[in-house]
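S.K.: Protein sequence lines, in the order shown, are assigned to chains A and B.
Here the first sequence stands for residues 1 to 503, numbered as in this note's numbering.
Here the second sequence stands for residues 1 to 104, numbered as in this note's numbering.
Be aware that one or more of the hints could be misleading.
Interface residues of chain B toward chain A, partial, derived using beta-carbon atoms under 10 Å [stated by the list, open to error]:
no.: 1; residue: G7
no.: 2; residue: L12
no.: 3; residue: L14
no.: 4; residue: I17
no.: 5; residue: F50
no.: 6; residue: D61
no.: 7; residue: R91
Label pairs and their computed distance ranges (CB to CB) [said to hold, decoys possible]:
no.: 8; chain 1: A; residue 1: E372; chain 2: B; residue 2: D9; range: 56 to 62 Å
no.: 9; chain 1: B; residue 1: V85; chain 2: A; residue 2: A473; range: 40 to 46 Å
no.: 10; chain 1: A; residue 1: L34; chain 2: B; residue 2: D9; range: 47 to 53 Å
no.: 11; chain 1: B; residue 1: A75; chain 2: A; residue 2: L466; range: 46 to 52 Å
no.: 12; chain 1: B; residue 1: A75; chain 2: A; residue 2: L13; range: 28 to 34 Å
no.: 13; chain 1: A; residue 1: L502; chain 2: B; residue 2: A74; range: 45 to 51 Å
no.: 14; chain 1: B; residue 1: T71; chain 2: A; residue 2: P401; range: 36 to 42 Å
Calculated directly from the structure, the hints in this document are not laboratory data.
Ideal Cβ positions, reconstructed from N, Cα and C, are used throughout, including at glycine.
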Amino acid sequence: MMLVVSVPLHVTLADWGSILPELVVTGGFLVLLLADAFIPVRRTEVATGIALLTILLAFLAAMNLWSHGMAASLYDTVSSDKFAVFFDFVILVSAALTALLSPSYIRYSHFDPGEFYALILASAVGMMFMAAAISLMVIFIALELLSLALYILSGFERSRPESQEAGFKYFLLSSFASAFLVYGMAMVYGATGTTRILQIATCLGHGAGCSAAASASPLLYIGVGLMLVGFAFKVSIVPFHMWTPDVYQGAPTPVTAFMSVTTKAAVFAAFIRVFNFALAPIESHWYGVVWALAIVTMVVGNIVALVQTSMKRLLAYSGIAHAGYILVALAADNALGQTSVAFYFLAYAFMNIGAFVVVAVMESQEGPVGDEIASYRGLFYRNPSLAGATAVFMFSLAGFPLTAGFVAKYLAFSAAVQAHHTDLAIIGVLTSLISIYYYLRVVYVMLRRPEVPGVQSPPTPAAADLAAWIAVAGTIGLGIIPTGFLNLATQSVTAIRYIFGLP
Amino acid sequence: MNPLVPGADHFLVLSAILFTLGVIGVLTRRDPLIIFMSIELMLNSVNLSFVTFSHYLSSADGQVFTFIIMTVAAAEVVVGLALIVSIFQSRQEIDVDELDEMRG
Chain A
1 MMLVVSVPLH VTLADWGSIL PELVVTGGFL VLLLADAFIP VRRTEVATGI
51 ALLTILLAFL AAMNLWSHGM AASLYDTVSS DKFAVFFDFV ILVSAALTAL
101 LSPSYIRYSH FDPGEFYALI LASAVGMMFM AAAISLMVIF IALELLSLAL
151 YILSGFERSR PESQEAGFKY FLLSSFASAF LVYGMAMVYG ATGTTRILQI
201 ATCLGHGAGC SAAASASPLL YIGVGLMLVG FAFKVSIVPF HMWTPDVYQG
251 APTPVTAFMS VTTKAAVFAA FIRVFNFALA PIESHWYGVV WALAIVTMVV
301 GNIVALVQTS MKRLLAYSGI AHAGYILVAL AADNALGQTS VAFYFLAYAF
351 MNIGAFVVVA VMESQEGPVG DEIASYRGLF YRNPSLAGAT AVFMFSLAGF
401 PLTAGFVAKY LAFSAAVQAH HTDLAIIGVL TSLISIYYYL RVVYVMLRRP
451 EVPGVQSPPT PAAADLAAWI AVAGTIGLGI IPTGFLNLAT QSVTAIRYIF
501 GLP
Chain B
1 MNPLVPGADH FLVLSAILFT LGVIGVLTRR DPLIIFMSIE LMLNSVNLSF
51 VTFSHYLSSA DGQVFTFIIM TVAAAEVVVG LALIVSIFQS RQEIDVDELD
101 EMRG
């Protein structure tokens, strides 16, 4: 039987230009690997420098792409619209903060800086492609690229059994979820006859370009369900969140910091493209399930976080709760909802990585007990600036006004109200109130008098200090004057909605 | 439809059976290598679905997707076995129930 190839087989220079940020990061990844093999770059500073330079160049390439993006390139599989570029910014900012917080931790746990940064960059390439993907194939391959690098990174601290365990658990459970995702993609392909998101949207919306029965096919609905399981697992939505606390606790802290923000950002970008655009015509069928998942995630995440004694586990459950808030915005399925998801991740990058910077500094100064919330006792007296930064991140994660977290949550819940899903907004606000308890408990512990008075912490390493200050500036800046960045997020959503013919 | 001539349905049902066997394997077995093989079985059952759809829809996308899944599965083997070997070197046992350093 003849197979139909629907696109002309040639790739222009403009196609390559549309993935320039990804290519730059891939280049940086190769340079780091080669440098690691040929010159003995055991020096952490050199590897950090190469990584930061790569991220800076990719950032410039992404800025250039902001105004020159293409709606579809490389045989309609990758889009460099403003939505993709906005997520590139989030991923690159997170990678830069991670590169700044890592050196002190690398020295503390003695691992190879070259391979470490190479894997961080490899994973970032996968994330950027995932945010840009407009084909189910590219979503899958990008997801695997980012995951494979993260499996290795989670188990990178081979001397620590917890790290090995984290890498292995993440690997087994995540590949299990990938199999569900890709089986779902097969079903959707079977029902619609295409793997391209734009064509799936046209097929389901107007019945054009595929059999008219596609939107009534049971294959489609089984496929959508399986894909939802796959996506829900990757962004740790309850009941697919079981791996999250263990992996976050076991993985090296810089890796946890990086993956907690960027994996969620990349997967949510693809989640939005698939569910809010390709599957928008059948929204009434998936809305109920997403509604239930959002509620369970917000409730379970916030309640289980109340009893945590480890800072990394606390932040893991906090991350689950935040995935729930973002899912509320996704369920709203309107322009404001999509804008709030984009803005949420920018805010989340600063406040969540900031919180992990503190954990990494504490661990490199005090050893493994630095992860225990109890060891934060008296931090205000030992290291006032670090404690002040921690307080800012905790207030922002809890959603206090004048912080980035407040604006992000406000937008997400108002999107739900605008879409007449007031129930989701109310549950979101109520569960946020619960979260104030565990975030402020950290601040309270820091304010208690230390057991041994008068002891000062060693000074915070310069790079980690810089990362913490950038994160504080971002958290407060986005909270006080969100307009500029909100405008960028709105523009990015307008661009993607225009491509799919939505107002 | 002549029941003796296999059609799309037969292949899809076979694929669903293989996928389910893979899921059962992952959920019930305790040896990481067997769990790992079960995940590979799940991925290969997906390949069968893709090839079936590709054939009956006369569309090349499914064939390309199959190649991508095969490549990804190979990469997963490399990373997965490396992680298993690394754990085995430090503990001399690889029962997943023993991997319980952290509450979870």
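S.K.: State for each hint whether it applies.
M.R.: Tested hints:
no.: 1; hint: G7; in the structure: violated (14 Å)
no.: 2; hint: L12; in the structure: holds (8 Å)
no.: 3; hint: L14; in the structure: violated (13 Å)
no.: 4; hint: I17; in the structure: violated (13 Å)
no.: 5; hint: F50; in the structure: holds (5 Å)
no.: 6; hint: D61; in the structure: holds (5 Å)
no.: 7; hint: R91; in the structure: holds (7 Å)
no.: 8; hint: A:E372 - B:D9: 56 to 62 Å; in the structure: holds (57 Å)
no.: 9; hint: B:V85 - A:A473: 40 to 46 Å; in the structure: holds (44 Å)
no.: 10; hint: A:L34 - B:D9: 47 to 53 Å; in the structure: holds (51 Å)
no.: 11; hint: B:A75 - A:L466: 46 to 52 Å; in the structure: violated (35 Å)
no.: 12; hint: B:A75 - A:L13: 28 to 34 Å; in the structure: holds (29 Å)
no.: 13; hint: A:L502 - B:A74: 45 to 51 Å; in the structure: violated (40 Å)
no.: 14; hint: B:T71 - A:P401: 36 to 42 Å; in the structure: violated (49 Å)
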